[in-house]
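Participant: Residue-level listing of the chains:
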Amino acid sequence: MTADPPPSLIDYLGRNRRTEGHAPWPRLTLSPDTKAAFIQRLAAAPWTLLGEWADRDLVHAAFHDPGCGAAAVLSVATVDGRYDSLAPVRPGAIRLERMIAELSGPVAVGLPDPRPWLDHGVWPVSRPLGDAAPHLPGVLPAPYRFLPAEGESLHQIPVGPVHAGIIEPGHFRFTCFGETVVRLEDRLGYTHKGVEALMAGAGPERAAKLAGRISGDSTVACALAFSRAVEAATATEIPERAIWLRALMAELERIANHIGDIGAICNDVAFSLMHAWCGVLREHVARAAAACFGHRLMMDRVVPGGVAGDLDAEGITRVQSLVAGFRARFEQLAALYDETPSLQARMLGAGRIAPELVQAWGAGGFVGRAAGRAFDARRSPGYPPYDRLEFTVPVLSEGDVNARVTIRLLEIRQSLRLIGQILRELPPGPIRVPLEKCPNAREGMALVEGFRGDILAWLRLESGGTVGRCHLRDPSWFQWPLLTVAIEGAPVADFPLCNKSFNCSYSGHDL
Amino acid sequence: MLKLLLEGLLRPQTATPPAPDAEALDELGQRLQTATRTRFGRSLAIRSIDAGSCNGCELEIHALGNSLYDLERFGLRFVASPRHADVLLITGPVTANMREAVRRTVEATPEPRWVIAAGDCARDGGVFRGSYALTGAAEAVVPVDLHLPGCPPAPRALLAGLLALLESNREKKAL
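So the sequences go chain by chain: A and B. When we follow our numbering, the leftmost residue of the first sequence carries the number 1, and every step to the right adds one. When we follow our numbering, the leftmost residue of the second sequence carries the number 1001, and every step to the right adds one.
Derived by calculation from the structure, the hints in this document are not laboratory data. It is possible that some hints are incorrect.
So, partial list: chain A residues that the calculated Cβ filter (under 8 Å) puts toward chain B [to be verified]: (1) H120; (2) G165; (3) I167; (4) P169; (5) T191; (6) K193; (7) S215; (8) A286; (9) M299; (10) Q332; (11) L435; (12) S507.
Quick reminder that beta carbons are idealized off the backbone N, C-alpha and C, glycines included.
If we strip away everything but chain A, and leave its shape as in the complex, we get (with noise of 0.2 Å):
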């Protein structure tokens, strides 16, 4: 007797209301009832949350199918400003609904952590996306209860939030026996900026260059994200040269962020000539970009209805000398690291991350690659040029740190392979259109690959054009707290090795 195949995300949910007007994928709005009855299907059902945020009294969940490779987007409206916690069943979504509760105002029931979480009781409002009460004056913010570690002849480490170099701000709290680490704790928040408050009411332009600076090191997939939600919303159709030119520039970026953290890895186990070689890449790419597209990070250079500006013959032979040139660096750069004992002794088996903890959190990018999840938004849902574009996505199932550095270095190859056949297959034509006048309000959403993994974009427009809502998920919510199990048992001095190598980002989580 074999069992049936589970149903698809569609099939499951399908006969729930459809809201008109969101694109690409479907919005359901659940019954409270329908949504406890999917909470208990949930456990047992492969789809992958991909973010969890609250727009008015709606709760708004995003999933994947790993299946069909849809995605579709869940509502329940809150009942007394209420609704069923999803984290019982999906954990990623614990500080999600944390950061609901203090930005937007809804309680999640059944949430197993309530704490504050980028709230530190210091802002003039609370609530700032709901209905932002001031706070009361003279008020002080009650201290964080961290996590209770006991045991004889335990000692804490408090690290942050200014980090000792050039760093973004976070507390860590060590709860130590002798040097081995018992429980780490992150205390995130530090650098909130309120991005999504300052998003709502303001124009697609101005929204897409916040968007841009949600994390600098990724802001060109920020930027693309947002853009091709706008886009979705809109039923905005951008020319073709503008879809491969944003694909250059997100490949470059993928380049340049992946062989200047190798290095910093590197750095961290005291080899400091993968360093120097790395630093001279990156340094190398961001001069290019720089000459190529007005802008070393490439800022601003995706926006709305396509890129701001073109690519001519002389950018095209500059990228393509860069490409050569990285190229056979890289090659001696990865060998060097195959070859080089000192560095295989501190990264092999460091930092382990089990391959079921990276599928409960649905931890995108090199960490869930480097642990058995062969996800990339890039493939699954996919986005154009890529379906036209010959890659492969590598996978592997350590875990650990050489398994992340090692998924890195195939990328980087990847990469390469990708901007090569971008540049000789690079259509003529317009860069950019404007976008497609709605008179009513629309929905959009998009599903991007950053080099740090999936950043989600979700936004609603108002009748006028302008953003009413918009929601932006950084791979970092899913990678941050399996980064306090990677270090669970290892000596403290390894956490630098084990943090660079995740290498999250602290202001796309904050936002």
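Got chain A; can you put chain B on it based on the hints?
Facilitator: Then chain B, alone, in the frame of chain A:
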């Protein structure tokens, strides 16, 4: 490995230094009129503080250390502790959540010290200006001696600004 090592030694990648930024020099000159002034050595220790940036500024500050810019050849170096620092380099719009940490870091830096606000965000909040979550600018939390514009400021611009700091200091000593 030997080949890569030798190549690094025999064919330096280092770029030529930029001229000190005239605009930054002017601003600095004015600031120095009122700031408490004591002599620094030729070597300047810099402590970077990310006060809520998008991490774009950090990428460019990191680039200052690569083999092409090689910050240390100018007698400029980044240090891990504010106790060792002459200069605090603040990036980001100084979020409300970072205000106390920035204040304490400045307090932990011995006098005489200089504070540089790097990037458009640190000047006035940049694209994030007007948000409930910000103090507004670095100036709102600590007195700032020098602003370096840009989103983010490119390594050459950062270097030019830092060199202006050194140049003005040298002139001051000659007086």
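Participant: Compare the structure with each hint and give your call.
Facilitator: Quick rundown of the hints versus the structure:
Residue-level restraint check for H120 (chain A) holds (minimum Cβ-Cβ distance to chain B is 5 Å; threshold 8 Å). Restraint check, G165 (chain A) versus chain B: the minimum CB separation of about 7 Å is within 8 Å; hint holds. At about 7 Å, the closest approach between the beta carbon of I167 (chain A) and any beta carbon in chain B falls short of 8 Å, and the interface hint on this residue holds. Annotation: interface hint on P169 (chain A) holds; nearest CB of chain B at approximately 5 Å, less than 8 Å.
Of the supplied interface hints, the one on T191 (chain A) holds, with its beta-carbon coming within about 4 Å of a beta-carbon of chain B, less than 8 Å. Against a cut-off of 8 Å between C-beta atoms, the interface hint on K193 (chain A) holds, since the closest Cβ of chain B lies about 5 Å away. Given hint, S215 (chain A) at the interface with chain B, holds; its Cβ is 6 Å from that chain's nearest Cβ, closer than 8 Å. The interface hint given for A286 (chain A) holds, since its Cβ lies 7 Å from the closest Cβ of chain B, which is under the 8 Å cut-off.
Residue-level restraint check for M299 (chain A) holds (minimum Cβ-Cβ distance to chain B is 7 Å; threshold 8 Å). Here the hint on Q332 (chain A) is kept, as its CB sits about 6 Å from the closest CB of chain B, short of 8 Å. At a threshold of 8 Å, the smallest CB-CB gap from L435 (chain A) to chain B is about 20 Å, leaving the interface hint violated. The restraint placing S507 (chain A) at the interface with chain B holds, with a minimum CB-CB distance near 5 Å, inside the 8 Å limit.
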